[in-house]
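A.B. asks: Chain residues, written in single-letter form:
2 protein chains.
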Amino acid sequence: MPVLDFWYEFASPYSRLAAARVDEVAAGAGVAVRWRPFLLGPIFADQGWNTSPFNLYPAKGRYLWRDVGRIARGRGLPSVTPTPFPQNGLVAARLATIGVADGWVAPFSKAVFEAEFGAGRDISDHRVLGGLLADLGLEPDSLISRARTDQVVKERLRAETEEARSLGIFGAPSFVTEDGEMFWGDDRLADALAWAAAGGDPAWRGGR
Amino acid sequence: MPVLDFWYEFASPYSRLAAARVDEVAAGAGVAVRWRPFLLGPIFADQGWNTSPFNLYPAKGRYLWRDVGRIARGRGLPSVTPTPFPQNGLVAARLATIGVADGWVAPFSKAVFEAEFGAGRDISDHRVLGGLLADLGLEPDSLISRARTDQVVKERLRAETEEARSLGIFGAPSFVTEDGEMFWGDDRLADALAWAAAGGDPAWRGGR
Numbered sequence: 001m002p003v004l005d006f007w008y009e010f011a012s013p014y015s016r017l018a019a020a021r022v023d024e025v026a027a028g029a030g031v032a033v034r035w036r037p038f039l040l041g042p043i044f045a046d047q048g049w050n051t052s053p054f055n056l057y058p059a060k061g062r063y064l065w066r067d068v069g070r071i072a073r074g075r076g077l078p079s080v081t082p083t084p085f086p087q088n089g090l091v092a093a094r095l096a097t098i099g100v101a102d103g104w105v106a107p108f109s110k111a112v113f114e115a116e117f118g119a120g121r122d123i124s125d126h127r128v129l130g131g132l133l134a135d136l137g138l139e140p141d142s143l144i145s146r147a148r149t150d151q152v153v154k155e156r157l158r159a160e161t162e163e164a165r166s167l168g169i170f171g172a173p174s175f176v177t178e179d180g181e182m183f184w185g186d187d188r189l190a191d192a193l194a195w196a197a198a199g200g201d202p203a204w205r206g207g208r
Numbered sequence: 001m002p003v004l005d006f007w008y009e010f011a012s013p014y015s016r017l018a019a020a021r022v023d024e025v026a027a028g029a030g031v032a033v034r035w036r037p038f039l040l041g042p043i044f045a046d047q048g049w050n051t052s053p054f055n056l057y058p059a060k061g062r063y064l065w066r067d068v069g070r071i072a073r074g075r076g077l078p079s080v081t082p083t084p085f086p087q088n089g090l091v092a093a094r095l096a097t098i099g100v101a102d103g104w105v106a107p108f109s110k111a112v113f114e115a116e117f118g119a120g121r122d123i124s125d126h127r128v129l130g131g132l133l134a135d136l137g138l139e140p141d142s143l144i145s146r147a148r149t150d151q152v153v154k155e156r157l158r159a160e161t162e163e164a165r166s167l168g169i170f171g172a173p174s175f176v177t178e179d180g181e182m183f184w185g186d187d188r189l190a191d192a193l194a195w196a197a198a199g200g201d202p203a204w205r206g207g208r
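Read top to bottom, the protein sequences are chains A and B. Going by full-length UniProt numbering, the first residue of the first sequence is number 1, and it counts up by one from there. Going by full-length UniProt numbering, the first residue of the second sequence is number 1, and it counts up by one from there.
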């Protein structure tokens, strides 16, 4: 079964749109999804940005929120602009990193995104994260403690972010196929899945 | 018949992808297209940019060219990275401005885009532009002379660029419906047409 890597950042509204549908859409295409949480902050810093491009460019930012809202509405999802934006997703990303190893990364990440962009909750708040973990039947106290202090977890997330950078990732969500083809944005998910399913460029494989 | 404004800039590769299909796709949706050439340079300058974002952010730029090439291939279009990039499209945009008034803006603009992104020709070269005009049965010498010196044409293009800015346009292509809804990017054309055809948000109209 072909595998598609789904690279996402918890502060990113388009990552949320992708997270809400990627497993279902990929299953329909016969493609498996690997959830790859990482941090965009260090990569944005490479580009000279100290915050989200949504904030850096006001006209673009206004449009992007409108675009996100339209898409969410079309998919029947609530859409809230978090305050503050961007949210600090460091602890959430470390928890998701634990979840990759422990098998609950997808449901946890979806819960974080829905709390943030669906319900306007603050995902840097440990009580919020703890509630989401408890809802999944996980142990909030020990997991949040590990997320805050475990050097192995910190290093793993740092290494993932480094791998994202080395793949040329500059934004989120990004999808990367097994043969290294990258697709940026929720709006490229269908293209990424077609490429993954074909094992190469479907425009060639299809004889177009 | 609903009308969709198609705002485009000659240096923009995604504008070219949209230009090559907008009339046909819009006709299928029962929507008329108004071609609105404008200049992105002054608007990019508002954002602190002195060149294309393709050039400002190397990782993003590499990806964008790859994305453009993939899409072009999928649509059976040749795809060349112009040298230099971005091209100086000022005279071409002034010619297109004349073409808006005279009824040949769409075929001329498509010819400019194909020369630039399909054949790698320099669209700041008056001989290239003259050849494209002649191919359309137009008078190259008098039109290029008007594009270089006619104050009315210069002012009209400046006013169009000002209108784009006042609409909140920050990139190209952008599509704007009669009720003022904006969609940015070739990949939003279908959404823009659905909105235009429904006379409002199709997510609401459709009862979703």
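Worth flagging that the hints you see were computed from the coordinates, not collected in a lab. From a predicted model like this one, the values you see are computed outputs, not experimental measurements. Idealized CB from N, CA, C, for every residue including glycine. Check the hints yourself; a few may be wrong.
Here are the simulated distance ranges between beta carbons [said to hold, decoys possible]: (1) B:V80 with A:E163: 30 to 36 Å; (2) B:R73 with A:T81: 51 to 57 Å; (3) B:E163 with A:R75: 49 to 55 Å.
Every beta carbon over 12 Å from chain A, so not counted as near; a handful from chain B, in silico [to be verified]: (4) P2; (5) R21; (6) D46; (7) D122; (8) P140; (9) E178; (10) D191; (11) A203.
A.B. asks: Which earlier hints turn out false for this structure, listed by number in ascending order?
C.D. replies: 2, 3, 6, 10 and 11
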